[in-house]
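There are 2 protein chains.
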Amino acid sequence: MNLSSMASGARDAFYTLSVSSGETRNLVLKYFSDLLQENRDGIFAANREDLAEAEASGLAAPLLSRLKLDREKLDHVCDGLRSLASLKDPVGETVFCHEITEGLKLYRVTCPIGVIGIIFESRPDALIQISSLAIKSGNAALLKGGREALRTNQELIRCVRGALRRAGLPEDTAQLLETREDVASMLKEDDKIDLIIPRGSNAFVRYIMDNSRIPVLGHADGICHVYVDAAADPATALKVALDSKVQNLAVCNAEETLLVHEKIAASFLPEFAGLLEKHGVEIRGDEAVRAIIPCVPATEEDWRTEYLDAILSIRIVPSLEAAIEHINRYGSHHTDCIVTTDENSAREFFSRVDSAGVYLNVSTRFADGFVYGLGAEVGIATGKLHARGPMGLDGLTTYKYKLIGHGQTMAEIKSGALKYTHRVLDEKCPL
Amino acid sequence: MNLSSMASGARDAFYTLSVSSGETRNLVLKYFSDLLQENRDGIFAANREDLAEAEASGLAAPLLSRLKLDREKLDHVCDGLRSLASLKDPVGETVFCHEITEGLKLYRVTCPIGVIGIIFESRPDALIQISSLAIKSGNAALLKGGREALRTNQELIRCVRGALRRAGLPEDTAQLLETREDVASMLKEDDKIDLIIPRGSNAFVRYIMDNSRIPVLGHADGICHVYVDAAADPATALKVALDSKVQNLAVCNAEETLLVHEKIAASFLPEFAGLLEKHGVEIRGDEAVRAIIPCVPATEEDWRTEYLDAILSIRIVPSLEAAIEHINRYGSHHTDCIVTTDENSAREFFSRVDSAGVYLNVSTRFADGFVYGLGAEVGIATGKLHARGPMGLDGLTTYKYKLIGHGQTMAEIKSGALKYTHRVLDEKCPL
Numbered sequence: 001m002n003l004s005s006m007a008s009g010a011r012d013a014f015y016t017l018s019v020s021s022g023e024t025r026n027l028v029l030k031y032f033s034d035l036l037q038e039n040r041d042g043i044f045a046a047n048r049e050d051l052a053e054a055e056a057s058g059l060a061a062p063l064l065s066r067l068k069l070d071r072e073k074l075d076h077v078c079d080g081l082r083s084l085a086s087l088k089d090p091v092g093e094t095v096f097c098h099e100i101t102e103g104l105k106l107y108r109v110t111c112p113i114g115v116i117g118i119i120f121e122s123r124p125d126a127l128i129q130i131s132s133l134a135i136k137s138g139n140a141a142l143l144k145g146g147r148e149a150l151r152t153n154q155e156l157i158r159c160v161r162g163a164l165r166r167a168g169l170p171e172d173t174a175q176l177l178e179t180r181e182d183v184a185s186m187l188k189e190d191d192k193i194d195l196i197i198p199r200g201s202n203a204f205v206r207y208i209m210d211n212s213r214i215p216v217l218g219h220a221d222g223i224c225h226v227y228v229d230a231a232a233d234p235a236t237a238l239k240v241a242l243d244s245k246v247q248n249l250a251v252c253n254a255e256e257t258l259l260v261h262e263k264i265a266a267s268f269l270p271e272f273a274g275l276l277e278k279h280g281v282e283i284r285g286d287e288a289v290r291a292i293i294p295c296v297p298a299t300e301e302d303w304r305t306e307y308l309d310a311i312l313s314i315r316i317v318p319s320l321e322a323a324i325e326h327i328n329r330y331g332s333h334h335t336d337c338i339v340t341t342d343e344n345s346a347r348e349f350f351s352r353v354d355s356a357g358v359y360l361n362v363s364t365r366f367a368d369g370f371v372y373g374l375g376a377e378v379g380i381a382t383g384k385l386h387a388r389g390p391m392g393l394d395g396l397t398t399y400k401y402k403l404i405g406h407g408q409t410m411a412e413i414k415s416g417a418l419k420y421t422h423r424v425l426d427e428k429c430p431l
Numbered sequence: 001m002n003l004s005s006m007a008s009g010a011r012d013a014f015y016t017l018s019v020s021s022g023e024t025r026n027l028v029l030k031y032f033s034d035l036l037q038e039n040r041d042g043i044f045a046a047n048r049e050d051l052a053e054a055e056a057s058g059l060a061a062p063l064l065s066r067l068k069l070d071r072e073k074l075d076h077v078c079d080g081l082r083s084l085a086s087l088k089d090p091v092g093e094t095v096f097c098h099e100i101t102e103g104l105k106l107y108r109v110t111c112p113i114g115v116i117g118i119i120f121e122s123r124p125d126a127l128i129q130i131s132s133l134a135i136k137s138g139n140a141a142l143l144k145g146g147r148e149a150l151r152t153n154q155e156l157i158r159c160v161r162g163a164l165r166r167a168g169l170p171e172d173t174a175q176l177l178e179t180r181e182d183v184a185s186m187l188k189e190d191d192k193i194d195l196i197i198p199r200g201s202n203a204f205v206r207y208i209m210d211n212s213r214i215p216v217l218g219h220a221d222g223i224c225h226v227y228v229d230a231a232a233d234p235a236t237a238l239k240v241a242l243d244s245k246v247q248n249l250a251v252c253n254a255e256e257t258l259l260v261h262e263k264i265a266a267s268f269l270p271e272f273a274g275l276l277e278k279h280g281v282e283i284r285g286d287e288a289v290r291a292i293i294p295c296v297p298a299t300e301e302d303w304r305t306e307y308l309d310a311i312l313s314i315r316i317v318p319s320l321e322a323a324i325e326h327i328n329r330y331g332s333h334h335t336d337c338i339v340t341t342d343e344n345s346a347r348e349f350f351s352r353v354d355s356a357g358v359y360l361n362v363s364t365r366f367a368d369g370f371v372y373g374l375g376a377e378v379g380i381a382t383g384k385l386h387a388r389g390p391m392g393l394d395g396l397t398t399y400k401y402k403l404i405g406h407g408q409t410m411a412e413i414k415s416g417a418l419k420y421t422h423r424v425l426d427e428k429c430p431l
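Sequence lines, in order, name chains A and B.
Here our numbering is used: position 322 in the first sequence is 322, and no number is missing along the way.
Here our numbering is used: position 319 in the second sequence is 319, and no number is missing along the way.
Note that these hints are calculated values from the structure, not bench results.
Bear in mind the structure is a predicted one, so any value in this text is a computation, not a measurement.
Check each hint, because a few of them may be wrong.
Claimed, not checked - With a straight-line Cα cutoff of 25 Å, these simulated BS3-like cross-link-like pairs (lysine-lysine) come out:
# : chain 1 : residue 1 : chain 2 : residue 2
1 : A       : Lys88     : B       : Lys88
2 : A       : Lys73     : B       : Lys414
3 : B       : Lys30     : A       : Lys414
4 : B       : Lys30     : A       : Lys188
5 : B       : Lys188    : A       : Lys73
6 : B       : Lys30     : B       : Lys73
7 : A       : Lys105    : B       : Lys30
8 : B       : Lys414    : A       : Lys68
9 : B       : Lys73     : A       : Lys414
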C-alpha cells in the first residue's frame, strides 16, 4: 500500500465520517476499549517483543519504561476512552447565528478539520489517545509512532480499525505508517492531508515545516521560565521554582531557566541552591549569580537550551521588564511563570509575555491537556495560530459558515429591494 | 530602513500595544479618520498622480476605478472606521474559566497574534481597512500594497502613524513596505513575524508559502459552484445561479462552475442559457450540456479555472453525490451553493462539501466579511486552520492560557495533598 493511496483512503473516510453522528463516533470509542481488553494477550505479547528488541539495542531505562504497555496502563487508557466518550460532541456546534437580511440566516458551525498526519514518540498509549481524539472529533488520522513500538502499534491499530468497522465507519479513518519513508511521502500529499502534528524536537518540527506545504502545528521545545519578582513571597518562590524543575525532569513543561530579580537574589538564591543540591540539580549561573552562590558559568547557549535533565540555568535581572524581554527572546512560547505578590507586575507579565501559558504563583508542571480539563491532548502547540498550548478536541476542529436562504440575490441588496438587518440571533443551525 | 529593523520595530510596537486598552486603540481609529479628512487634499493629489501614471501605462479601466480614491470613497471608509471603533474589543475576553484544584483557576483569554505581514492589491481603501482591523485587535502590521497605489498609500500610512502617535502608541505599529524586495526580505523574518496574509492568486499564495517558514493564511482563488439539485425550485435556481455569476464578474465569490442534476437539466438549461446570453456570458459545457444547448466544449482545465470574467462552465451530474465529489475535487474550498427543496440533500451537501461557506438557495455573492457582520475583512481564508472564510477581527486574535494560583505544586497533586476539582466556573480573568 503506498502512501498516496493511504491518504486517498483517509480522505474518503473523512467524507463519510463528516456525516456520522456523535453517538456513532462514541460507539467506536466503546468498541475500541472492548477490543483492547479482548485482545490484550496479543497486545502484551507484541509489546514484550518490542521491549526485548529495545533492551537488546541498549535503549535507556526511562525510555524502556515508557515503551512498556502493561495491564495497569491498558486499564488506564480504557478508562480514558470511556471518559472521552462522555464528553460533549465537539462538532456540529453553532458558534453564532446572524440574520443578514429578512429570512437569510448565517450560522458558524464547528466541523472536523479533515485528514491529520500525526507523528509521535515511542509510547504506545499515545496511539490510543491520539486516534481516539481524532475519531471523537470526526477526523481521519495517519499515525506514525516510534520505531521501537512498531509491533505493539500494529496490534493497537488493528483494534481501532476493528472498532470502526463494528460501528459501521470506514477502517481507513485510522491508518498506521511504518517507516520514515512513509513520513517523507506523507509530507508531499498536500492536496489530501489538511494538517500535520509533529511531536518532537525543534529541529524535527523545522524539518517537517521545511519539507511540506501542509500546515503544521508543532509540539516543539519547552523552554519554560520561572521569574521570581522583587515582590515575591519567598516560601511560594521556593515551592514553585523547585517543583517546576524537579517534579519531572524529562518533560516539556519543566523549568529550564530561573530568572531572579536583583533585589531578592541574595536572600533567595542560597536557600534555593541548597534545595537544588539535595535533588542533584546542577546550576549554571551568570556572573551575578556566581557572586552569590558557587555554580557553573552559564553561556549564551544555556538560555536557549531545553536540558530535559537535572540542570537549571539561573540569571539575575534588574527589572520585571528585563525578565519579560529575556523570556520573549530566549523562550519557546510554551509556559512561563511569575512569582509575585504585586498585582501590577503580574498584569504586565501576563500581557507582555508572548507564550501559550502565563502563570502566577504556580508550578509550570500544570501545563497539560488533562490538567486543563481538555480531556487529553494530541500535543502542546507552541505556535500562535489555530490552537495554542495543550491541544485537545477543540484544537482538532475548525468551522464552516452555513447560509440558509430562499433565493436572495446580491442584485436585490444593491437595488435596495432587500435591506441588511444584521441581527444576532440565538438559534442553532437546522442543517 | 531595512526590513529586519522594520520587523524589530513592529515587534517592539506589538509588545507595547499588548498592554494598551481597547479605549486607546479605538481612539487611534477616531484620530485616523480625523487625519484622513484633514489631509484629504494631499491624499487626493497623490492619488491623481498614481492614476495618471497608471493610465499612461495602460492599466485597464476597472482597475483604474478601483485605484481611484475620491471624496465619496474616503467618507465611506471614515464611516467604516467609526463603526469599527464601536465594535466590542476582541482581545482580553475570557473564553472559559476552569478550576483545576482548590484555589487554582485557569482562564483562556483572547489576545492579539503579534506582528502580521499583509500583502494586498491596488485598492487604497484596503490599506485603511486592513491597518484599522490590525490596530483594533492589538496587532502590529507590515503592509505592502500594489505598486500602482504607492503615492496614495504613502499619504495614508502617514495618517495612520500620526493617529498612533496622537494616541500615545508606537508609530511602528503600522509600516509600509514599498518594493518587492521588501516582501522577499519580510518572508525571512520568521523570528519576528507571526503571520503572513497574502491576497492574490493561488500561484502567488503558493510562492509565499514555499518561501517562508512564517504561517500563511491565504486569500487565494475562489472557484465557487452552484449546484442545481433534482429537487430545485426552478425560479430560485434561475435567480441564484444568475446572480452568483453576473452580479459582479471580477470577484472571488462569483460562481465559476454550474452543476446541474440530469433530471432537471433539459428543463432548466435552455431558459438559463437565455438569461446568460442577455448578460453576454459565454458558456463552456460538457458533452451532456452541449446536447441540450449550444456552447463551447469544456475541458478538464475549465473545472479548475477561476475566470473572473463573463464565462461560466457547466456540467451535468447524475447525482448529489457526484456534485459533492466534483466540488471537493475541483473547487477551492471557498463558497459553494446547493439549490434544492429537499432537506436531506441540503443536509448531506452541508456536511460533505469541504468549503468555508456552504449555502442553501442563496447567491454565493454573500460571502463577505461586512455581509457576515464581522465589521470588515482582511481577506477570505481558503485554508482550514485558525480562520476560515471572511477573516475579521476574531481571525486576527489568538488566545493565551492564564493560570493563577498561590504556590500549588505538581508534587502536592501526585502525593494526594491536593486533588483535582475540574469545575467549570463563570468568571472573567482578573489579570
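Identify every previously stated hint that the structure contradicts and give their numbers, smallest first.
Going through the list in order, the structure violates hints 1, 3, 4, 5 and 7 and respects the others.
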